[in-house]
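Q: In case you want the letters, here they are:
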Amino acid sequence: MVTATMPIQVFLNASLRRFAPDYNPYQGLALEVQPGAPVSRVISLLNLPPEEVTLIMVNGVRQGPDFPLQGDERLGLFPPIGGG
Amino acid sequence: MSRILRLNMTDKTFAWQEVPAGWAGLGGRALTSRIIREEVPPTCHPLSASNKLVVAPGLLTGAPAANVGRISVGGKSPLTGGIKESNSGGLVSIKLARLGVKAVVVEGKPEGEDWSLIKISGEGVEFLPADDYAGLGNYDTTERLWERFGKGVGVMSIGQAGEKRLTGASIQFADPAGRPGRAAGRGGLGALMGSKRLKALVVDDRSASAVPLNNPEKFKEASRKWAKYLLEHPVSGQALPAFGTAVLINIVNEAGALPVQNFRGGRFEFAEDISGERMVELIKARGGKTKEGCHPGCVIQCSQTYHDKDGKYLTSGFEYETIWALGANTLIRNLDEIAVIDRLCDDFGLDTIEMGCTLGVLMEGGVIPWGDGPAAIEMVKQVATDDAWGRIIGNGSVFTGQALGVDRVPAVKGQGLPAYDPRAEKGVGLTYATSPMGGDHTAGYCVAVNIVGSAGGGNPLKKEGNIDLSRNLQVATAAIDSTGLCLFVAFPVLDNPDALQCIVDMINARYGLSLTGDDVTALGGKVLSDELSFNREAGFTKAHDRLPDFFKENLKPHDVTWDFSDAEVDQVLEGF
Ligand code: SF4
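Protein chains in written order, with this note's numbering: chain A, 1 to 84; chain B, 1001 to 1576.
Warning: the hint list may mix true and false statements.
[As the list claims (entries may be wrong)] With beta-carbon atoms standing in for the labels, derived distance ranges:
(1) D1308/B / G36/A: 47 to 57 Å
(2) Q1501/B / P50/A: 27 to 37 Å
(3) N1214/B / Y23/A: 49 to 59 Å
[What the hints assert, rightly or not] Partial selection, computed: residues in chain B whose CB lies under 8 Å from chain A:
(4) A1239
(5) A1255
(6) I1283
(7) G1287
(8) V1452
Rather than coming from a laboratory, the hints here were simulated on the basis of the structure. In this text, a Cβ means the ideal position worked out from N, Cα and C, and glycines have one as well.
One chain only, chain A, in its complex shape (with noise of 0.2 Å):
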């Protein structure tokens, strides 16, 4: 049997956006991963340097690379950044 992949929605943030070039920011990506598939796929998926992608917040929690995904998440990316 095969599984069905499911779609989540990618927004990358601040020098993450390079790697993709016609980023729209208000969209994010729309992606299809198989339940159950780690973070880290999607950052390979993309093509990004997984040292640089050193917060993952996924539905706005932080979580690591191997945080498995389900589908119809909301995953953002980002950089080290900082502020306050």
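Let chain A serve as the given structure and place chain B with the ligand on it in line with the hints.
A: Quick look at chain B with the ligand alone, frame taken from chain A:
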């Protein structure tokens, strides 16, 4: 040897004082808070002759090290009625340190209506008449003072808001380019300076020599390492200079903690329009500068110069907190309109966070529509006039809420809340509730850990761990604020234990001491004790350490509420 300079505004005289033994190891916030604790009656009216305005460089300021040129400004706050330390960049701090001035204490109050300007230089101290400058904004004031006293002199001044003694008034500092874009913004200290009828303080260090170092070799060694730690850390070395602090808009928005429409939601539909990414795009397209230091010696450079659409200078030091307050909080989504308000605030001498909260309350009360930038600009312009609306909004969010009968006012101890919703960033919520400064984020910036993930990370949505986090960061911050270091050094310091040791090594080499990291932490604790005991005697009780009731409402997208019990909140600073 450094000395304390006392400026008596009652009879326009000054006096030098040797540093009393008890103040010797203090600088910055530790010194301003100690002097206020010892010399200002906690129950005095903040605008009365009994209150004092204290300005102090940090322990490391003036020494050849990176990011040590910040200044602490203290007094009894006209806004909160409690003790206040407000921290700023600019040129004054380093120049005072080089002139051997450990602190300036502005005391008394003149009988007459005339304004003064005080010049401190290697030649001495001069009281000069300043009626010619009265009514001027900080931009014109700084420009004229540079023309008169020479380019590059340190300037600390108030605008129309401080002259009118409005409790939302800031004190502005000229940056290295001569723009008054740096602020000791919080707590209405501009009104305190205005009550002394002191329009500006000018500091000229041209005849000064370098600050003495007890052990120059050791200092050099430590300061070299220090700069390396700052530049190596990806946040202070790359992210802050590339996007400024406004890079936080998208991250705090993603985390669901960006307060929207007077703290109604945690995500802003149009966050991208006011993001650091967008700001940098506009700056580059219009020929501004994306990175700039607020004082000489800053290697991080989170500041910037923002031009208008015609490529003309509009504002500088355009920070995350400002953009949030005047943007997401009011639903204004046009960065140029936000920049115009920021410019007006710097010019009139108004705290941008307070003004953002105030505009939110004004919209809440139906005086101007949500998201209406041009209407907000017109309102803010009234502050420089004698219009009653200007007086109302210049006095901040709580005053405006009272004037309008609005009960949704985001403030603690009278001070408007900054750019993180306390329901979705519970750590900083505890800081808002308990800091002796009133609603303030810098006093215990849990965001760095909970949202940005420094020091191994924490959980902003759950209560667990946040009581200790807020407490520990409030103690550590009180210590950092005493050194003259910029708070953004916290990113490398939280992640790298050697960086903290390096700060201690620099202090030791500067003064010939043998402090340990624990001594520095203990200093932070003493600062909090001074501040909290002042506040208690000023009439503050546990009931003042509470967030407004409406934070019990549900917040999207995480469906969270402010769920700490009063007893839990009271644990945060228990014992100080
Ligand atoms: S990092 Fe920013 S706030 Fe800190 S000293 Fe530099 S310009 Fe000033």
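Q: Are the hints correct? Go through all of them and say.
A: Hints versus structure:
1. D1308/B / G36/A: 47 to 57 Å: holds (50 Å)
2. Q1501/B / P50/A: 27 to 37 Å: holds (31 Å)
3. N1214/B / Y23/A: 49 to 59 Å: The hinted range 49 to 59 Å holds for N1214/B and Y23/A, with Cβ atoms some 53 Å apart.
4. A1239: Since chain A brings a Cβ to about 4 Å from A1239/B, closer than 8 Å, the hint holds.
5. A1255: Result: holds, 5 Å to nearest chain A Cβ.
6. I1283: Check failed: Cβ of I1283/B comes no nearer than 15 Å to chain A, outside 8 Å.
7. G1287: violated (21 Å)
8. V1452: Status holds, d = 5 Å.
Going down the numbered hints, you'll see the structure goes against 6 and 7, while the others check out.
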